[in-house]
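Going line by line, the protein sequences match chains S and E. Its first residue numbered 1, the first sequence is counted upward by one per residue in our numbering. Its first residue numbered 1001, the second sequence is counted upward by one per residue in our numbering.
In case anyone wonders, no lab produced these hints; they're calculated from the structure. Just so it is clear, CB atoms sit at the ideal spot from N, CA and C, and this is done for glycine as well. Please note: incorrect hints may appear among the correct ones.
Derived list of chain E stretches under chain S, where covered just means 3 residues or more per stretch with a C-beta under 8 Å from a C-beta of chain S [said to hold, decoys possible]:
#, region
1, 1036-1046
2, 1254-1261
3, 1274-1281
4, 1377-1386
5, 1451-1463
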Amino acid sequence: MEAVNGGGRTKVARGLRTRVTCLLLPFMLSVVAPAAIAPAAIAQETPSGIEPTDIWSEEYASGMFPWGGNAQIQFQEYHDYESTKARMQYLADTNPDIISFHEGLFGGLNDRGQETSLDDYKGWFYNNPSPWVKITAGVENGDYNPFNGDAGNYPDRPDVMLVGNHHAREWMSYEVPMLFLETVAYYYGQAGLDNDGDGLIDEDSWNGIDDDGDCLSLNASFQDSNGDGVSCGPGDLGVDEDFSEQYITDLVDTREIYLIPILNTDGLIYDQTEWLANNCNGATTANAYEECPRSGWRKNLRDNTVTGVTPIPDLDEAVDEGCDGVDLNRNYQFEWGAPLGATGPLIPGACYAGVNNDVYNGPVDTVDQDGDLRLNEDHVDGKDDDADGLVDEDWLGGNSEPETKFIQDMTEMNDDNNDGASDFKATLTWHSFSELVLYPWGHCTDCESPDHEFLVYHGDQMAQMTLYENLQSSDLYPTSGDFCDWHYGVHNSYCYTMEIGNNFHENPDDISQIAVRNLGVPFYMVEIADDPRFRAVHGLENMSARHWIQTPSEVSIPEKGDIQIDLCLDPYFPFSTQEDRSYLSWRFVEPNRLQNDYGPTEWREVPWEKAPFAASGDDCELKDGTNGTVLTSAVPIPDTSVGKLQYRAQLGTTNGAFPFTYPTIEDGGNYYELTMPYRAGFGSAVLAVLMFIFIAGVVWGGLAFLLRTMFDDDAPVLSLPPGGHE
Amino acid sequence: MSSSSDQFSGRLGLIFATIGAAIGTGNIWRFPRMVGANGGGSFLVPWVIFLFLWSIPLVIAEFALGKRSRTGTVGTFRIFNGPKFAWMGLWTAWISTAIGFYYAVVTGWCINYFQTAVRGGLGSDVDTTEVWNTFLQDPSQVILFQTLAVLITMAAIWKGAKAIEKVNVILMVSLFILLFSALFLAFIMDLNDGTLDGFVYMFSIQPEYLLEPETWINGLSQSAWSCSAGMGMAITYSVYMRKDEDTTLNAATMCLANNSISIIAGLTVMMAVFSVVDDPLSAVSGGSSAITFLVLPEVFAQAPGGPALQLAMVAMFFLALSFAALTSMISTVELCVRNFVDHGVNREKAVGLTSIAIFLFGIPSAATWILVDESTGVAFPQFLEVQDHIWGYGLMFSGLFIAYAIWKYGWSRYKVWQTENGIEGFSMRDYLDHGVSSFRDDFINTGDNDWWIGKWWDYIMYLGFPIMFVILMGTFFVDMLVTVEDPWNPTNPKGITIILIFWGITAFLFISMNRLMLVNRVVPTGKSGFPMCLLSGEYVLEPRPLFRNVPEGADVPIDTLPGGEDPFILKVGDPIPEIENQPFAVSGGSVMDAEIV
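Looking at chain E on its own, in the form it has when it is part of the complex (with noise of 0.2 Å):
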């Protein structure tokens, strides 16, 4: 446990930081080919639109929500949410460690690659599927790039803040520069035989795209996970605020620099797509991941200059790919390691111990389950695929489980208003006056921020989002249920029962856990330890305490919260206080007939 609170050093840290966790691999494949298939400069038009509806609302509140509560993922929702809702802050770092989990392995296919280009193996006359092939289906290869992945994270995070900071200002300075050398190079390709196709594409908006709900919905979804909005990573990073930091300006500045970026990526990968590929949306739109380990190769092997400059075209791109990686890999371990050190474990032991979990719980996504693509010949992890189908969506909870703090809190202070007016009975007009802007006025507009907030966001939090989130969420299920073969078989890894008892399952577990471990802890009395005592009964529940990293000086009052009257909530050097005063303090009881606190 560190004495005093842990801080990045300035604002340009901490959107290096922020930034660094937003932009990701899928700013670099996802986008390109959703520009591809859905209309080009069409796809655009909604991306755009949900950057202010869905990415920077999200990621204000997210700011204003750790800002506030000086905590972790669990945390934040135990004071915000109240204490029977630590559990919701548990999701939320499961969801992004359990992504991470497989993302470690993803981020290390993009190691392996980047080094495999600067070897040379990734020239012109290289089969890139044959490349692909056959690093996948070795797993010494693919588990010795995850684990290498995993190191460079841990490295990157083990000093906390300030390490974090400057890992990230350095890898994200290096990927502008490898982006834009990378852009510049497709530029040249591009315009070699006299167009820009690549770029007439992805700027050219085909109206009837426009009329097409898919479009939206995949510009939406864009949003929702290329900014990371809504995944708990912002509430972390802005842990280390400094007191009188802004939320608001970064929080725009981060999800513009994630798109700005996104356009470089997309820019680059369609014009060099186009310039060498006979037919460049099939190679844009139609696959996977996959297809940028097996197209980008060759295309990149195409750029002019010759031998040397392709080698560097392709190095560039693999490295700007796996610094994009590793930046949102430090994020996730970060947003787990985070909660650990709230509840006073010291942070290298937490360090390690979720590195360690990332890299075992990641071999299975790395080694098993290697499946052939029968139509393609091209191998793909389909462990890997399961995961991600499974967590990918859990994300939207994460981000559902914000806006029910908002609410919340939103409904409370309408309750207090009334309370200390002598007003009974629902008024809307009283809500939206006195309720419902709380929110936005006690965390948002506190006088810190560069950007003051209007009612706009409100009516984003209050009415878009929950519309936008029934949105996705359906479309998700329909989609699965219009294209997956039996989806309701429990078997199908690919189907709807598998998620929802996966989901199920994580949610039992975590409601389950929070009053045992998340708000309180099991003391043994018995002879039997942990968790054999759960069945005997012999045990007390303690209340756990958690820590909460406050800059010196700052005034981050949490006492109008629906956890914020709990004693255990501490700052970081806090004495804890004595167990046996507090209402918290439970007596034994079984798990079956122990109600949720």
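In isolation and in its complexed conformation, chain S is listed as follows (with noise of 0.2 Å):
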């Protein structure tokens, strides 16, 4: 046990000690659990100093999954092209209900009216079609789709399509929806289970959070098993390690998943067999982190010197790795070419080693799709280009390779429903590597979706699950011909692509945090598969529900100059910092200065205006206590003014999709009321007695005056001009 616990990791051990260890401890663990639950109990009384074996199962404490199963099953050594296969054939074997295997399409007539059969599906070079399952109960019945090959069509369940392994490379995008694929199996139709045998069910899900604190209660020392310096964050043991097995169930009933964890079979055994060999120093898959961390081979196996259009004949066939191969995430159709992120098109029959190589997107389309003697003329962006009526038909490229004819078809021809449009409402692709979550668009810079601040509230609940940073797919760089851009672009799928880990090549040691820590986000995408949008919609309404303005009383009036009004925001609310958008809404309500003499108060209605919110850069705290940013807005308000300040805010959003406006009909009334006195001096005691003394002088001198005046028989007619009256 020593591996388990050595260091501030948790270092599994490799070799065939563990492995054997491993294979025993379900039913080691059998035998002691009685006695493991009961000093966890107590451990828990005191949170200081404790390890993970006092408070947890010993099989959660050793990092271990409960599917039993070999090093691969158990996340400690890499599946690869063929292990992964036969665990799909053998998750679906043993759950027939709610999971069917499949290896490519069997095709048919495609939604693009071309003819396709399984050959078509499969790798140029290995000849594998991708292996891919189906999950949702009562996968063998439902509607059939003979083109596809899946039963388990059911119109009113949303699908989702979780696609592994573009990149051959990156290892870490196909063991992660192989811990899914494992996740569901076991969970399934199971409830109330106690994951990490803490006694408790259920009380730590997927956010990212160590929602009952029990990492946190370790000894310091434990509080960072992944090793990824921070405590009890994504992927360390006690965090997000009790699920809710209901939700699972809830899904795979309610969803059709669409699971393809290797979608370049032909990448992904080269890389594994002849490029580590040829180019690692011999590595293998156990290997190949210490020697090619961050190398390895990216696209697929094309060969572009003999396939295709190319007129002249590759004699070897071998894979020449200095020009073949297509970069399967270049070769989408949406918005096909270079120059953005991608090389192409190559001259026929050429080749090039350039830097961009890898990025190769496939060659240019030689097929007048629509028959009308023009070639290429309406690119795949949505817009009838030639303007004759139909969008997109006659497309310049892509969709040229196996692997991506394979996802094209698997889309178009998924429409349980026959209303002429996909079945995925969310798509996930993953990836390596940066620790990233991405969203579209990757085809142009400095641009936004129309769902832009939607696809960034998805993203950063993914990016809280995992503690990636979310972005926009170009930011990070411009890529054309993405998943994507094709998935969002052409179907309006909300999609996104996980860069996982730090490597292509992860230390195998670290496969199993890594995808714990990506586990949530499978389930995530297919959860909101019924209806991206409208789940953001709502999210950012709750979100939006966490903020507050300043209450009256909170508000503290300066003895000069303007008031300031604060509204505490969430930092990950995409508020628009344009001023029209978000800002403060007052006026300042005086009494009426003709006022009438016998009803209440009448009050100046003055017309709103608006100040700007500019971010204090101090925190607060939101609604449901979490973080929350002050913004503060200046309101100039005389300080000689007296009467009642108006105010609320308004937040709008980045696509200014809402304006959400606080105070909320919660807070109770769409605008607070500040009652504002008088802050100004009252004036000078000097000036003021001379005022007073002017205008006593006038009123009380003259009236003293003229009745000295009146009552005086011998005074002289008031300004009586010379020779006047009488």
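Put the complex together from the two separate chains, hints included.
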């Protein structure tokens, strides 16, 4: 067991000894479990300096998964193409109600009017179709889709596509989907499991936070089990470890999940066998991390010198690493083409090993798809470029590879309700590396999609789960023809690219914790697949409901100058800094100067004015107790004014979809009202006395003078002109 | 009908009566509010200026009119503007009386607060809002005190000028004493914290306010209302002047006295409020009359010197307020009564009728449509407020009619001069020399006055007044347009349309009545009596005699005036001429085709 707790990170020892231990663990645990729970309960009462085994089951504390199996299945060694396929097959066989196993597509007449067959979806080189599983309750029932070859199609179930390994060397990108598959297979249909053996049930679900505080209760040296420098963050033992099995069951019962762990079978096989051997000191998957952590084979194995339109035959048919292959994630059709983040087109028959060869996007299309004798005149961009009434019907290129055809046909032929639109409203693809969540667009810079803030919203949620950074794809680097631009641009599917980890070939010791760290993401995507846009709207509304604006009693009125009014903002809220979208509305209502004598005070109606918000840099506590950031606004009110300052805030979102106003209805009304006292001085005593003397002199003095004149019979007539009357 | 003329006993009597009329609740609750809302000392500048530009000149005109016509408003306009315009007097009388309907209710509030104060009901431990709401929402209480106000008023004017004079002297002298005492206490209060901030604020000019038109408009309107100039009240009281009474110095004295009281009351309120309330300007400038009944009792209850002095302070204040209201009430009722008496109605009967009318028509204001302001929880009388809203600015027309009398007389004298000198065609120079100044020459500078009025008065009446009138009317309507929601909706009680409707109906009715009821009277000739005979046409119009209250030996010729040739305008005690011989006798005709005389 010393291997388990070695050092600050979970060093799961490799080798036969551990493997045997792992296999035996479930058995051992069943014996020791009653004894293990008792000290855990005691340990929780004294939370300082405790060890994982004090609070958790031995199994969980050692980072083992409950489904047993060998080191691959325990995510301590990498799967390869064959073992992945075998495991998928096995899980489908053992869970036939919810999982069906498939390879490639059967084909037929596709959505574009092309006849295809299974062969069209097999890799160029090793001739393997991509293995995939369909996950849904009653997967053998429901409608049968003869093109895709899957049953279990239900028009009322939202569909979600999860794709790993576009890029061969990005190994974690198929390990994460495999962990997802294992998790679904193991936990489906169960409820109320105590995953970590702490006696609590479903107390810590996927959100990137140690909800139950068990990790935080550990001795500090155990709090960062994945060694990423963050204590009790995503991927650490004790964080998001006890999710709800019912949640998984519900998702499987109500969604159709298309899980494609290895899209690029050719590339993966080549990377793990030929490339490592040839380019990496003969390394294997087990030690690729030491030798070549950040290099490897990326593309598929298209033979750019012989296949396709190339007229010159490549006699040996071997992979030419300097030339062959297409970057599958540049081969989708939406805005396909160079120059953004892709190379190509290559000169037919020629090949060059330029720096961008790794992102070759495939050959230019040579077919006049619409038969109008014009070639490639209507590029896939959602617009009718040639104004012939058809959209995107004669494309420039892309979709040239078996793997991308597989994705595109699967997408386009999956239309359970026959409404002409693809069923996939949410799509996810895994890549490595950089610890990012990416959302469309990729093909343009300084641009925003129409759903920008909603995409940001979901991206933020997944970024919080993983402690990754949420970015627009093109902000990392521009890419044209990638999976997500196509899904979002053509099929209006909310599509995310997870950039997992920090290497292509991660240390096998880290497979498990990286996969665990990313496990919540696919479930999140499955969950939102019903209506990602609505869920974003709803989520933003919930998020916005945590904001608050200072009530009148919270606003402090300074002796002089502007009135500062603060709003506590969720830092993740996609608030617009544009002054016409986010601002403090205020008006200063004064008593009407022409006041009625008998009714209630009349107030002068004045139009609302706008004061901009500025980030003050201060922190505040949102309504739910989480951290917010203070936006402040200065309202100019003269010191001499007396009346009511009415104010409300409007927060616009970045794409202007909403204005949220504060105070909310729950806060009680559409604006707050702050009574403004007179703040200026009352005046100078000396001047006041002078003024008093003047006024009193005129009025009282005048009166006295008149009275004297009146009763003085000898007084002359006032202001009588000489020779005037009388 | 009295057989001899009714007069004040002396100059002081006249002055006290007119001061009593001028000083009302407006001096005590409206003036401090205006000072607070319009920048303290900044407000006093236009207020003093318009005292000389508006109040004094208009009161001089009123005194001159009444002293010559020796009748109430209807008679005065019949004489000065001609028989076609007697309705102007009716309008003036009606506006004053319509205000009197609810003013009696307000006077009742004041009296009630006085008695509540005396009984210790306004101590420091009292929730003044509750006191106010409880009172206002109890119709029997409000009507009780309204009745009391009407009865006191009735008693005061029952006997005519001499009684009015006596009551006014007593009430005014008491008012001065009460207010001075309150001022003294307020001074002590304000000085308690080492500063006289109420005093300082009230007399500090904030220059920015002087640049705002509202300050000037408010200064003008405060001058226009507070002094009762143009209301017809001075016309009415001048009927009781002795034959050689001064009109100009008295007018100025009355207005200056009114403003003097405003300063005293304003200082009292400001100093008291500033000494106690945290945010004095909100309290002073924020609201309506209700503030007087909410804030001031609370403030005075914190006066120094213990409960006895506090009680004295509250009681004194509300007694002063009651007196101010009562003297104004007296002038209001007298204005109406005088018109009846002028037309031969017995004084006691006229007083009785007017009092009953004021009581009855005041009941809706007293007891109906009492609402509670949602934001403050303070009750307010919506019906009363609407009445004030409708009739308050009607006063302005009374002032306009007075100006019209002056303009008309000037023009007619100019025409006479032209005829006498055989000059044709308009010449501004001649008009200025022989027209514009004639009213002043003939009716103001008569030799009885201690103050000779110069040309400035002509400028004010011919140029200043129309400008000020337009500004006041204009801002009144523009303010409504801007601040009132849906001002053109006739059902909006605070709108413009409702005002125009009521003014229109009243004016139409009065103009129609001019021929039938004011200068003539309808005598049914058939079976149907009045008013059914108007429809059947079976009636004749007989000239209605008008009795002038001319003192013995006074020389008050009216033959140069538009209505002066009318043989049915008589001195009290003169016999009524034979109707058959008079050109004013008109045979019957239907209302529809009858022309206004």
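Hints versus structure:
1. Counting residues of the region 1036-1046 of chain E whose beta carbon lies closer than 8 Å to any beta carbon of chain S gives 6, which meets the minimum of three for the stated coverage.
2. Chain S is given as covering the region 1254-1261 of chain E, and this holds because 4 residues of the stretch bring a CB closer than 8 Å to a CB of that chain, at least three being needed.
3. With 5 residues carrying a beta carbon less than 8 Å from a beta carbon of chain S, the region 1274-1281 of chain E meets the three-residue requirement, and the given coverage holds.
4. Beta-carbon proximity to chain S at under 8 Å applies to 6 residues in the region 1377-1386 of chain E; the threshold of 3 is reached and the given coverage holds.
5. Look at the region 1451-1463 of chain E against chain S: 4 of its residues bring a Cβ nearer than 8 Å to a Cβ of that chain, three or more, so the hint holds.
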